[in-house]
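Protein chains in written order, with this note's numbering: chain A, 469 to 810; chain B, 469 to 810.
Treat the hints with care, since some could be wrong.
You can't tell identical chains apart in this list, so a pair holds if it fits in one copy or across any two.
Claimed, not checked - Taking lysine-lysine and the DSSO-like style, the derived pairs with C-alpha atoms no more than 27 Å apart in a straight line are:
(1) K724 with K672
(2) K568 with K672
(3) K704 with K568
(4) K790 with K519
(5) K524 with K623
(6) K623 with K724
(7) K799 with K524
(8) K696 with K807
(9) K799 with K579
(10) K724 with K696
(11) K696 with K528
(12) K623 with K672
(13) K790 with K696
(14) K623 with K807
(15) K524 with K672
(16) K528 with K672
(17) K693 with K724
(18) K625 with K568
(19) K790 with K693
(20) K704 with K573
Source of the hints: derived by calculation from the structure; they are not laboratory data.
Number of protein chains: 2
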Amino acid sequence: MKSSRNCLLWNLRVSLVLLVVLFGATNARAQDPLPSWNDGPAKQAILAFVKDTTEKSSPKYVEPADRIATFDQDGTLWTEHPLYAQGMFALTRVAEMAPKHPEWKQKEPFKSVLAGDHAAMGKFTEGDWMQIVAATHAGMSTEVFQGLVSDWLAKAKAPRFDRPFTDLIFQPMLEVMQYLRANGFRTYIVTGGGQEFVRTYSEKVYGVPPEQVVGSSIVTTYDNKSGKPVLMREPKVFFIDDGPGKAIGINLFIGKRPYAAFGNTAGDAQMLEWTQAGDGARLEMLVLHDDAKREYAYGPAVNLPDTHVGTFSEALLTEATKNAWVVISMKNDWKRIFKFDQ
Amino acid sequence: MKSSRNCLLWNLRVSLVLLVVLFGATNARAQDPLPSWNDGPAKQAILAFVKDTTEKSSPKYVEPADRIATFDQDGTLWTEHPLYAQGMFALTRVAEMAPKHPEWKQKEPFKSVLAGDHAAMGKFTEGDWMQIVAATHAGMSTEVFQGLVSDWLAKAKAPRFDRPFTDLIFQPMLEVMQYLRANGFRTYIVTGGGQEFVRTYSEKVYGVPPEQVVGSSIVTTYDNKSGKPVLMREPKVFFIDDGPGKAIGINLFIGKRPYAAFGNTAGDAQMLEWTQAGDGARLEMLVLHDDAKREYAYGPAVNLPDTHVGTFSEALLTEATKNAWVVISMKNDWKRIFKFDQ
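Excised from the complex, chain A in its bound form (with noise of 0.2 Å):
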């Protein structure tokens, strides 16, 4: 009987121990709001931020109607290597498109995309690229538009890990887009991409409405001839959200100026400038691509000058150091990359 009782006795204890250390081990997870991130400076400098401008007692507290952060897509938000998203549905479209255009397979940079010539590709200028988006982005309407890029995007693999562009998001800033609006902040994407090509799928990839997605542009112009008014896409640039094109949109789309930037390449530092310039808690960050075995590594993380335009170059990195912006390192800084991963 009293053996029996210690047993029970035992038991209960045990239980009980059980229970707080699961309790608190589940507690802690939930309390963990970037899962994906090993702790390390990148991490600290996000949990910092948000506690130094939404706590009320904080001397550096920002209203909720200020919080604002803007994040690069592209290398950023999801894979940009071997080329950009919106790059690759160019480039089937050309293919698409090509047997109404029998003139290009003598007329660059058609000939090349058509060649399949990854060399000549590399080297194309922004010209080229123009000419490819003037041919495949434009002459439709914007309905047209989003429904083409819906239908490739649902169909379309990108390249090394054969899996669809949306599954190529980055887990880890996933959780700071939605940590960031758990507290309050509102998450823009601020992308040298093509806002409608962005906007079509924002929401349900990221969590980001239409109306928080600035980018680059071509001219439309209303047609209402028939009755039933369209937008159509005129084989013209609008406007470049690059660059210092990146400070420019958020002054024109935002009228406020954010509080934190996430980029990853040259074309961001006038963003992360814009940013830092103001006063109170700023944050600014960089995605180093450095992981060559789960993603890819590019730029200075393999002391090699890259041909992909706009990337992490020395120079951001020189500009990043002294003006104390946070570096991610994907290899160091993230747990996992992708959702799929393990």
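Given the coordinates of chain A, work out where chain B should sit on it, guided by the hints.
Chain B only, in chain A's frame:
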């Protein structure tokens, strides 16, 4: 004793009746979201639209994320007669800057402005106005410009009323904005006027934050030579948010089609067409200035083609009738126009 008791009962009864009457009246007033509107088709159209789009059981229910309403500013939300506030600002700036520009005395359009020649100013072309805008709105940083606008607004007085321009907000329209916001709509200003100009006061005056102001803009450039980045305003048009530009601007800045749109001139026609082309419940309204006593009467209300840029033309009235847009008569539909009206 009996009479005294009767008296007491009588008093009680009177008090109770009074209480019921007063409580009932207060309650009715609290329940009317549009107290400055007379009952009539315009008020009913607004109430029906909100019911249709926000009641879960309605076949025309709209998700809160999609509840977008757009408002022209000049003449729709505040008085635009005899000249837009921003025009007044520009003319004041010309006078202030004149001592440093002696050549303006001989050079149009500045000459007419400095001479106070209203007849000549009434005939200014868009090119003339652009010269004035270039001289008065550009060549400075965005911050300096916002400071100039704020300083001017604080001391400028509107003609006829001798009050600050911000007193000339239409109280009934403010109630519509507040009513829509209380029902989950986001209210955007979509103005032919300067985006940066309106953003200076939109939050304080209309409760519309800067990121919900879409307007015309001039080119800005990014300058970080001194290590403190600024955006410089250049004397070059970037975007004209008027006429077709309103539909284009809505797609560019918001990326969603409005469910309700409010305007007062031909420059708003495409915004209303674009709104109406969507499915489900849509509301298009035009403010008709037909109240010479309390505000102004111009356009078709007085059977006079008005020289005012983009006025409520006969053609617009014809289109409104054809499309069943709701015309708001300031005279008949509005119980009071300004907050200071009794």
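A quick look at each hint next to the structure:
no.: 1; hint: K724 with K672; in the structure: both (25 Å within a copy, 15 Å between copies)
no.: 2; hint: K568 with K672; in the structure: neither (34 Å within a copy, 56 Å between copies)
no.: 3; hint: K704 with K568; in the structure: within (22 Å within a copy, 40 Å between copies)
no.: 4; hint: K790 with K519; in the structure: within (25 Å within a copy, 57 Å between copies)
no.: 5; hint: K524 with K623; in the structure: neither (47 Å within a copy, 35 Å between copies)
no.: 6; hint: K623 with K724; in the structure: between (38 Å within a copy, 25 Å between copies)
no.: 7; hint: K799 with K524; in the structure: neither (35 Å within a copy, 48 Å between copies)
no.: 8; hint: K696 with K807; in the structure: neither (43 Å within a copy, 40 Å between copies)
no.: 9; hint: K799 with K579; in the structure: neither (38 Å within a copy, 67 Å between copies)
no.: 10; hint: K724 with K696; in the structure: between (36 Å within a copy, 17 Å between copies)
no.: 11; hint: K696 with K528; in the structure: between (51 Å within a copy, 21 Å between copies)
no.: 12; hint: K623 with K672; in the structure: within (16 Å within a copy, 48 Å between copies)
no.: 13; hint: K790 with K696; in the structure: between (55 Å within a copy, 14 Å between copies)
no.: 14; hint: K623 with K807; in the structure: within (19 Å within a copy, 57 Å between copies)
no.: 15; hint: K524 with K672; in the structure: between (32 Å within a copy, 23 Å between copies)
no.: 16; hint: K528 with K672; in the structure: between (33 Å within a copy, 23 Å between copies)
no.: 17; hint: K693 with K724; in the structure: between (38 Å within a copy, 22 Å between copies)
no.: 18; hint: K625 with K568; in the structure: within (25 Å within a copy, 63 Å between copies)
no.: 19; hint: K790 with K693; in the structure: between (56 Å within a copy, 16 Å between copies)
no.: 20; hint: K704 with K573; in the structure: within (24 Å within a copy, 41 Å between copies)
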